[in-house]
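Residue numbers (our numbering), protein chains in the order written: chain A, 1 to 277; chain B, 1 to 297.
Treat each hint with caution, since some may be false.
[Unchecked claim] Derived DSBU-like pairs (lysine-lysine); straight-line CA-CA distance at most 35 Å: (1) B:K48 <-> A:K55; (2) A:K117 <-> B:K53; (3) B:K57 <-> A:K117; (4) B:K115 <-> B:K57; (5) B:K279 <-> B:K115; (6) B:K115 <-> A:K63; (7) B:K182 <-> A:K117; (8) A:K63 <-> B:K48; (9) A:K265 <-> A:K108; (10) A:K55 <-> B:K115; (11) B:K48 <-> B:K115; (12) B:K279 <-> A:K117; (13) B:K48 <-> B:K279; (14) A:K55 <-> A:K265; (15) A:K117 <-> B:K115; (16) B:K114 <-> A:K63; (17) B:K283 <-> B:K57.
It should be emphasised that the hints constitute simulated quantities derived from the structure, not laboratory data.
Here's the letter readout for the chains.
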Amino acid sequence: MNRIFELEAQNLQDTWSILYLSLAKAVLQAHSNGEAALRTVVRRYGAYIGTAERKAHQKGGHKINLANFYMIPHYRFYDPRLCAPQQQLNEQVALFNVIRCPFARMMKLYDGEAAGKVFCEEYSAACIGAYTENIAQVNLSEVLTEPRDTHCRIASYYRPGNFGDGWQEAAFDSFAEDTNALELRQELGQAKAIWNQSADYLVRAFSEYDTAFEWPEEVLSEGIQQLASFLSMRAASMEQPMDLGFLARNCALNVSDTETSALSKELRQLLLEILKL
Amino acid sequence: MYSEQQLEVIHLQDSYTIMYALLARQIINALGEVGDSIVREATRRYGKDRGRKRRQKHLELNVKINMHSLFAVCSDLPSDPRFRRDRLMLTEEERNSHTLICPMAQVWEEYGAKKIGRIYCEEFHRACYQEYAYGLTQVNLARTLTEDGDEYCDFHVVLRKANVPSDLKPQCFAECDSSYEKPNISGGAADGKSGFSSLCDRVYYYMLEVLLERCPEQAISIMTDALHIWAQDTAERLRQQAKELNQPIDISFADRHFPLYMNIDEDTLWPEYPNYGAKELLKQEFYNPLFKKLSLD
Numbered sequence: 001m002n003r004i005f006e007l008e009a010q011n012l013q014d015t016w017s018i019l020y021l022s023l024a025k026a027v028l029q030a031h032s033n034g035e036a037a038l039r040t041v042v043r044r045y046g047a048y049i050g051t052a053e054r055k056a057h058q059k060g061g062h063k064i065n066l067a068n069f070y071m072i073p074h075y076r077f078y079d080p081r082l083c084a085p086q087q088q089l090n091e092q093v094a095l096f097n098v099i100r101c102p103f104a105r106m107m108k109l110y111d112g113e114a115a116g117k118v119f120c121e122e123y124s125a126a127c128i129g130a131y132t133e134n135i136a137q138v139n140l141s142e143v144l145t146e147p148r149d150t151h152c153r154i155a156s157y158y159r160p161g162n163f164g165d166g167w168q169e170a171a172f173d174s175f176a177e178d179t180n181a182l183e184l185r186q187e188l189g190q191a192k193a194i195w196n197q198s199a200d201y202l203v204r205a206f207s208e209y210d211t212a213f214e215w216p217e218e219v220l221s222e223g224i225q226q227l228a229s230f231l232s233m234r235a236a237s238m239e240q241p242m243d244l245g246f247l248a249r250n251c252a253l254n255v256s257d258t259e260t261s262a263l264s265k266e267l268r269q270l271l272l273e274i275l276k277l
Numbered sequence: 001m002y003s004e005q006q007l008e009v010i011h012l013q014d015s016y017t018i019m020y021a022l023l024a025r026q027i028i029n030a031l032g033e034v035g036d037s038i039v040r041e042a043t044r045r046y047g048k049d050r051g052r053k054r055r056q057k058h059l060e061l062n063v064k065i066n067m068h069s070l071f072a073v074c075s076d077l078p079s080d081p082r083f084r085r086d087r088l089m090l091t092e093e094e095r096n097s098h099t100l101i102c103p104m105a106q107v108w109e110e111y112g113a114k115k116i117g118r119i120y121c122e123e124f125h126r127a128c129y130q131e132y133a134y135g136l137t138q139v140n141l142a143r144t145l146t147e148d149g150d151e152y153c154d155f156h157v158v159l160r161k162a163n164v165p166s167d168l169k170p171q172c173f174a175e176c177d178s179s180y181e182k183p184n185i186s187g188g189a190a191d192g193k194s195g196f197s198s199l200c201d202r203v204y205y206y207m208l209e210v211l212l213e214r215c216p217e218q219a220i221s222i223m224t225d226a227l228h229i230w231a232q233d234t235a236e237r238l239r240q241q242a243k244e245l246n247q248p249i250d251i252s253f254a255d256r257h258f259p260l261y262m263n264i265d266e267d268t269l270w271p272e273y274p275n276y277g278a279k280e281l282l283k284q285e286f287y288n289p290l291f292k293k294l295s296l297d
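Chain B extracted, bound-state conformation (with noise of 0.2 Å):
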């Protein structure tokens, strides 16, 4: 039995898995080949934003980047509990673990969806592992829970001393750095809310920045599609998630429960992201929708 905030972080991850899903399917439904090609560039850019951010918040909190830090040191999410890892190594040069059960490609199959999850597997750990360490990371998923035939995912992710460059080894490894502090990181642990609303974001803006840089005739046309079919299954999870937990669905509940902020404007990502007029886009063409279906105002 999963507590109240337990189930808060499951909606969470499930409604970004779902949300990433389903803008993937419309667009290769909708371009076929090419749209294929854009989901994969869109998600290695947003792995990269995902690698570039963390290791930015990283060298703010003078910690050492590398692989005991990117796996170990202020995650951008809390934990899921459904997750199930065999930890079976970790140190400042690798990372070796065995995913059991991903919560991810189980949704992922429920939707029919599973090609589009090898998609998100092959495509973002290596965008935003590499990008973490500088394109120095050597990202090794050789099973993959998304692979039909694999029975659990198979992650070795390497940063050999040996191919660091000299200039970079002391910012990569206390070793090498003799005036090297270590600091005292406190903190619980990471907020949901912001942390999957942030990743539903940029998901979208980079979907949204491919389509228009590849297609740019279709591209307001077919994102417009992808967030009303998203809308509309957000409206039917949340209705679905407040009769089971016996609660009214309003605004506070869709807050807890869903990713994006209910006031787009409480939303403090988008000053960061602020072309194409994704931000409008969203609101017009997701929000707008979804408040309606749900009676919110």
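Here chain A stands alone, though its shape is the one from the complex (with noise of 0.2 Å):
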């Protein structure tokens, strides 16, 4: 039995993932440049989240290394039902398998498993890349946003030998690969900051990428239409009202920030229209 606190981490996933489909497909369809934009705002937005977690982690004092970026996320929330056993984690070396995806269970749902497989090709390479400063290898030889696949196969390698000088005091303990144990520092009660934080850097990606670019409302409305049915759809399944605070919670689009885009603006609005808040 989930908790509610896992049912709002998990809502709050699926309402970026519904986010990240509404904006992909109104770039595929209207967009002149089509898909060649959409990777360049996936990238964009992966460069965020790793540059990011980059300074996080300087500021906390801690190594820029593979085995922080995955324990110690500041701006990445594991959703609970992420199942993704991992071959090998070490400062130099991560290797996990993906069994089970939510983002990838998402774009199935929404039909969106072609923007969902652009996303997957895209992201982990760029976030993992700003946050090593381009030095780490990010392989993804197989994903759960591609029909044929069972599974996705992330491994990323950062080398102490491909760093140059200055690797210890920045990176990492040693030389060889250490095998410490290493724990997870994350809790449930961060869920909602990190969400609110991705998809305003996921909204921010995509309106920087042309600011001439004139979203087609139709698209844009069926994409928060969506959004909105999910929600609703959750605040009935939760026995919750659909009100403010149901959306504050559950909600990874923040419906109480007034200062950010004119894209979000817009895509506040509509949601808080369809809702009839």
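With the hints as a guide, bring the two chains together.
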């Protein structure tokens, strides 16, 4: 049985996924560069997250390496439904098999596997690339957004031998791969803040790519309609009223934040209108 | 049972694999962390060189620069019969394949050089495939037989049309070049001797180049030791192979079963790699001891 906090964390992840898909579909359908634009946006989003993680680790006195990237996340929330057995994780090597991915599931449910696959192909390399200043190598040989694949395989390598001088102070405890047991430092209570920030970065990446782009109202409305329907359905399932409080706890798009871009404002207004709030 | 021709390819392939391990190991043993970094950089330079040459060759043949061409048109090596691959997909945009048996990984394991093999897997493929398509290839090798716990190599190598700038698209995809006429490429399998010889020359050349850049005072002495070790191993292997095949060990046998040309001046690659006295050092510190050990003139 899931606790309310866990359900809220799941809803935050799912609403973020629907938000991505709504914006991605709008770009794919209406932007002159279509897929190329979407790929650039995803790389930009990945770079925002990776750079923010890097700064947070530096500020917190943590070395920049793969163990810390995965175990001390400040800007990425691990959904409780994510099932990703770890084959190896240390400062230099991170090998994961993702058996169940809530993002891929939502892409399938909402007929968005193509847009989802673009995200998978571009995001991790951009994010870990920015985090390690493009020293790490990121490999994704299989992804759950590809119908023929049965799992995602993510393998990253960040080698002191590719780092140059100063590797020890900045990134690694030793040149050899250490195998210390590591514990994830993240709590459910962090979900809301992290997902709000992620949605903000996402909308920012979309709106900054081409400021002259005219967002197609119909496609955008359809996407936000899906977001609203999803939230209403979840509120009903959780036996909670669909009000601003529920929205604040369950929707990645921050409806109370007024200091955001024009696109963000438009999305927020659309959502509140549809939900009659 | 392999044919004699197949055995020659197998021996050429293994010699190349062993040479990489022995040279890399000597550099790492002598220089530790710096050595690791030298081997990685040399492997990348070698990979880029190979990717660039393949691209040049394809452009000369009027072949489009994409994933189908990279993996299916005019390979620079003959196929080693021991490789087992499950080719899942090959299009202009992507190549997905699983390598189930890799003789390189097996040889590295046999030589206690699995970690060195990892360096090769991490650095070579990425550098080579990226360079081939103007740095635009997304190289994903998320499982490798040189990694503990992995049961196959998982290649997902991608060149997305959407990531190729418009000025390069006609060079990469036939559908973006309305006047394109696909060339009729004939010719049999790649020649093993010149193929593997060229690989060995370049691995050695780039290791020497990076060694000289990073550790100029120790470079020649480290490379000399590495070449001696390689010569010793080569002599033993050639003797063993000749014995197994019940053939005399002479220049002709060595030329068929070992990548480097026994007459170094027959190797047409060296004028392209004229620096650092590389050819002379190889002649002096590898050929001479090898010929002596095998009593070859």
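Tested hints:
1. B:K48 <-> A:K55: Holds: B:K48 and A:K55 sit about 33 Å apart, inside 35 Å.
2. A:K117 <-> B:K53: It holds: about 32 Å lies between the C-alpha atoms, which stays within 35 Å.
3. B:K57 <-> A:K117: Holds, at roughly 33 Å.
4. B:K115 <-> B:K57: Holds. B:K115 to B:K57 sits at ~33 Å (cutoff 35 Å).
5. B:K279 <-> B:K115: holds, 28 Å
6. B:K115 <-> A:K63: holds, 24 Å
7. B:K182 <-> A:K117: OK: B:K182 and A:K117 at ~31 Å, within 35 Å.
8. A:K63 <-> B:K48: Given pair A:K63, B:K48 holds - Cα atoms ~31 Å apart, limit 35 Å.
9. A:K265 <-> A:K108: holds, 28 Å
10. A:K55 <-> B:K115: holds, 32 Å
11. B:K48 <-> B:K115: holds, 21 Å
12. B:K279 <-> A:K117: violated, 49 Å
13. B:K48 <-> B:K279: holds, 21 Å
14. A:K55 <-> A:K265: OK: A:K55 and A:K265 at ~28 Å, within 35 Å.
15. A:K117 <-> B:K115: Roughly 32 Å separates the two Cα atoms, so the pair holds.
16. B:K114 <-> A:K63: Holds. B:K114 to A:K63 sits at ~28 Å (cutoff 35 Å).
17. B:K283 <-> B:K57: Distance of about 29 Å is within 35 Å: holds.
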